[in-house]
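Q: Note that the protein sequences, when read in sequence, are chains X and L.
Residues in the first sequence are numbered consecutively from 1, following UniProt numbering.
Residues in the second sequence are numbered consecutively from 1, following UniProt numbering.
Since the hints were derived computationally from the structure, they do not count as laboratory data.
Take these hints with a grain of salt, some might be off.
[Unchecked claim] As a list, the in silico SDA-like pairs of lysine to any residue whose alpha-carbon atoms are at most 20 Å apart:
no., chain 1, residue 1, chain 2, residue 2
1, L, K227, X, G369
2, X, K227, L, A99
3, L, K61, L, A220
4, L, K227, X, H298
5, X, K227, L, D97
6, L, K227, X, S226
7, X, K292, L, A220
8, L, K227, X, R291
9, X, K227, L, D446
10, X, K227, L, G441
11, L, K227, X, R19
12, L, K219, X, D301
[To be verified] In silico contact screen, one side only, chain L against chain X (beta carbon under 7 Å); selected entries:
no., residue
13, I163
14, V229
15, S232
16, A374
17, V375
18, V377
19, G415
Built from N, CA and C at the ideal position, the CB exists for glycine as well.
There are 2 protein chains.
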Amino acid sequence: MVFAQTPDRAAIQAQVAKRHDTAVKALQDWIALPSIAAEDRNAAQGAEYMAKLAREAGFQKVEIVDTGGKPGVFATLDAGAPTTVGVYYMYDVKQFDPAEWSSPPLEARLVDRPGLGKVIMGRGATNQKGPEMAFLTALHAIRDAKQKMPVNLVLVAEGEEEIGSPNIEKLVLRPDVQAALKKSIGVFMPMGLQDPDGAVTVNLGAKGVVELELVADGKAWGRGPSKDVHSSLKAMVDSPAWRLVKALDTLVSEDGNTIAVDGFPKPAPLTAEQRAQIARSVAARDEATARKSLGVPHWIDDLSWEQANERLVSQPTMNIQGLVGGYTGPGGKTILPHRAVAKIDMRLVPPMTRDGAVQALKAHLKQRGYGDIAVNVSGGYDPTATDANAKLIQAQIAVLQRNGIEPLLWPRLAGSYPGFVFTQPPLSLPAGHFGLGHGGGAHAPDEFFLIESTHPKVQGFDGAVMSYVDYLYELGGSGGGSTAAK
Amino acid sequence: MVFAQTPDRAAIQAQVAKRHDTAVKALQDWIALPSIAAEDRNAAQGAEYMAKLAREAGFQKVEIVDTGGKPGVFATLDAGAPTTVGVYYMYDVKQFDPAEWSSPPLEARLVDRPGLGKVIMGRGATNQKGPEMAFLTALHAIRDAKQKMPVNLVLVAEGEEEIGSPNIEKLVLRPDVQAALKKSIGVFMPMGLQDPDGAVTVNLGAKGVVELELVADGKAWGRGPSKDVHSSLKAMVDSPAWRLVKALDTLVSEDGNTIAVDGFPKPAPLTAEQRAQIARSVAARDEATARKSLGVPHWIDDLSWEQANERLVSQPTMNIQGLVGGYTGPGGKTILPHRAVAKIDMRLVPPMTRDGAVQALKAHLKQRGYGDIAVNVSGGYDPTATDANAKLIQAQIAVLQRNGIEPLLWPRLAGSYPGFVFTQPPLSLPAGHFGLGHGGGAHAPDEFFLIESTHPKVQGFDGAVMSYVDYLYELGGSGGGSTAAK
């Protein structure tokens, strides 16, 4: 592997190796404390722990920020450097059901994963504590090697990413936080970007998202029952559950794939450059592997792999996450439920906005006679986009290329993260993700992050740490040369 | 209160009073053993207990019958009488959630209920163990008073009533059971028929029912995912949850109230006599009380009280009991579920049949392009009807009138019970419900059955027992006189 301008890189790498066990143990301890906003679990403890990790890694000022929701963390590391870099963290994780896991999700055991090596398995391992711990370990290692930090850092960490970041603006746009970030060249989030074959995709943005519940309720409707009644009464009593079905039916096309909400904002078409990026990426990725891993025999409309990916990048979505109404246990129960709920997420692409999408949905329901159906938005945000020419992105490409990786550019993640708060006014900064290493199972059982790789092109934990070391020096202006070290 | 021809009625009544505490304790013990078919709970124990209760009450032959599902019980009491009467029991009860109860549902505590008196509160108290225990107590009391049983009895008890009696024919139509029942003048089920004001309705039939799940599943569909995947993939992956919504949408009218299944069997219109029965009953019942107790501000289509009741009696229904798909916990979870389920019940009126309704539903789904959606029928049966002139019914009317109650006749219960197995060929017997006494909360929390009544027109447990004593003597041919005893 080829590295360039990081000064005394070998000394830092030695500190990373020396710190390996300590860092893995720290990651295990962190996974053992799951903060889950959706379940109101461990928010205060999670923020305290996040603050402690930041202090220990060298941030001189660390503050827990009241957001009205789960607390955030704001921290600065002043290295007296000319360049300042923003870092976005989440300390919360997704819900989990231990019964579905092959290894206890809070024990973060090291287990062998064939073809990859030794992984740490636990909730949050890759989304996002593993990569985040690797980045903090980079700061420790630079200090332990008695090197000067090449950039100043501004860290913002939230505890509500997994519920759609409902209060991210209260954290990021607080005047002093905003002022600190405004000095930065952009904001990045640590992430293990390597595919199982070592390839890396650099994302230039992400879709926006809105999470919401549609609730049909007898009381709000003024028809049907205000409590569950015997199902035989259906002959004389209206049904909120049927009302929900009828309202849902109006939201999408017959095949369920196109949003049919009246006046819903329209997406901008892909540019030629975006199409070219997709074509290049798709050529490098195996369709059969993707279909098999998802258990999907056909894409929507039997689209080709490239067409399906163009749709993935370019189209907004209206998805049912869950349906909950009435009796949900085993077998049946003869009730007419008074209430039924659809859990929905919408994904948005520029120039659509969260508020525009929600307003259109509400107006549509009202116009179609379903004004009584509650639209309870629990979180969400606008899409985000960053220019490929930004230094934040160009530094990623440079570090990857010096690692022997020719990154693929990807126009827009289909998943979402609240990058909008950085890329939109008032901050208007570049934003992205970075990091070597590999993980899987985000939002699913057996989530993992690779610790010791058996694949020569895929970095384990220490390699991920070094990717952050190199990135920081690159961002600080020390990179770009050609002095190579294997 | 006026009673007639029951010989030595006072002696029997004395035995009922003497047995009161024993009988109530026996009911409490029975409630403490809930058999719940939907949860696969206590079927074998429930059948054993049912058999024990029958033996103790004087049935000479008692047999547990393998039905392929939960076991049934077949018992005969040969009194050497010219008349034989069939009795239908269920020993299973509905599911319950103790958190929703004001008194532990298996403890069957005696609690005061204002306006009614002392009630026994527990799962199964009124549906159906309370009335069933009262009937068994009548048999004990006749024996304890050294009286001759006026009729022979044939008892069939099932453990799957609450899941739609999927194996009732395997019990009732087994050749020897069928032969025993064939000798009877009809079959009745013990039931506390009194309203809180003492009024009694004699039902001449019941709707049929089908309970089923409609399941949309990626694997069966051959589209969408075969496991839950990240919701961002909605842009390129079909959604079984949306497919379920679209299929459901085709099943009912826009208001959710009329079945729109192509070729669905049609109900027979009400006869003039049935309309008259409804009009008489409706005049005697208070609409405001009914609407308040159900929490229903308007009936379907703003129908009048009488029109709503005509609809209740005459119209088939398609009801959503529950919707379950994907993530059903608190908040949201960004998944695209691979599977979604609607729990449905359909209620049927003559001449519709269970098989006809299921076939039409399946054909409709196939015709509309939803042939992949599974129709998993878990139970159900045809509607049932009995002629008002049958001795089984006329004896009820006679006993009620001698109790000072002018019963209202009701064409058809909107709820369901598997009377079809008795009223249709090969048995073609009258079937119905009978019993004084009062209960409430069937299928709901705080289910109860009245034990000690404070209302002069409503019978407590001992009065319910005596109503069965009188009914048996009436059926045996001893009734009908006018010798009155207060």
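Q: Hint by hint, say whether it matches the structure.
A: Hint by hint, here is what the structure shows:
A hinted pair counts as satisfied when its Cα atoms are at most 20 Å apart, and K227/L with G369/X does not qualify at roughly 35 Å. A C-alpha spacing of about 16 Å is found between K227/X and A99/L, which places the hinted pair at or below 20 Å, so the restraint holds. About 49 Å separates the Cα atoms of K61/L and A220/L, which puts this hinted pair outside 20 Å; it is violated. At most 20 Å may separate the alpha-carbon atoms for a hinted pair to count; K227/L and H298/X meet this at roughly 14 Å.
For the suggested pair K227/X and D97/L, the alpha carbons sit about 16 Å apart, so the restraint of at most 20 Å is met. Our distance criterion of 20 Å between C-alpha atoms is broken by K227/L and S226/X, whose separation comes to about 35 Å. Among the hinted pairs, K292/X with A220/L is consistent with the structure: their alpha-carbon atoms are about 16 Å apart, no more than 20 Å. The hinted pair formed by K227/L and R291/X meets the criterion: a straight-line CA distance of about 12 Å does not exceed 20 Å.
Between K227/X and D446/L the CA atoms are separated by roughly 15 Å; this keeps the pair inside 20 Å, and the hint holds. A C-alpha spacing of about 13 Å is found between K227/X and G441/L, which places the hinted pair at or below 20 Å, so the restraint holds. Distance restraint check for K227/L and R19/X: the Cα-Cα separation of roughly 39 Å exceeds the 20 Å cut-off, and the hinted pair is therefore not satisfied. Note on K219/L and D301/X: the hinted pairing holds, with a Cα-Cα distance of about 17 Å set against a maximum of 20 Å.
Taken as an interface hint, I163/L checks out: its beta carbon lies about 6 Å from the nearest beta carbon of chain X, inside 7 Å. This hint holds: V229/L has a C-beta 5 Å from the nearest C-beta of chain X, less than the 7 Å allowed. The beta carbon of S232/L is positioned within 7 Å of a beta carbon in chain X (closest approach about 4 Å), and the interface hint is therefore held. For the restraint placing A374/L at the interface with chain X, the shortest Cβ-Cβ distance is roughly 15 Å, beyond the 7 Å limit, so the hint is violated.
Interface restraint check for V375/L: the shortest CB-CB distance to chain X comes to about 13 Å, outside 7 Å, so the restraint is violated. Of the supplied interface hints, the one on V377/L is violated, with its beta-carbon coming no nearer than about 10 Å to a beta-carbon of chain X, more than 7 Å. For G415/L, the shortest C-beta to C-beta distance to chain X is roughly 4 Å, which falls under 7 Å, so the interface hint holds.
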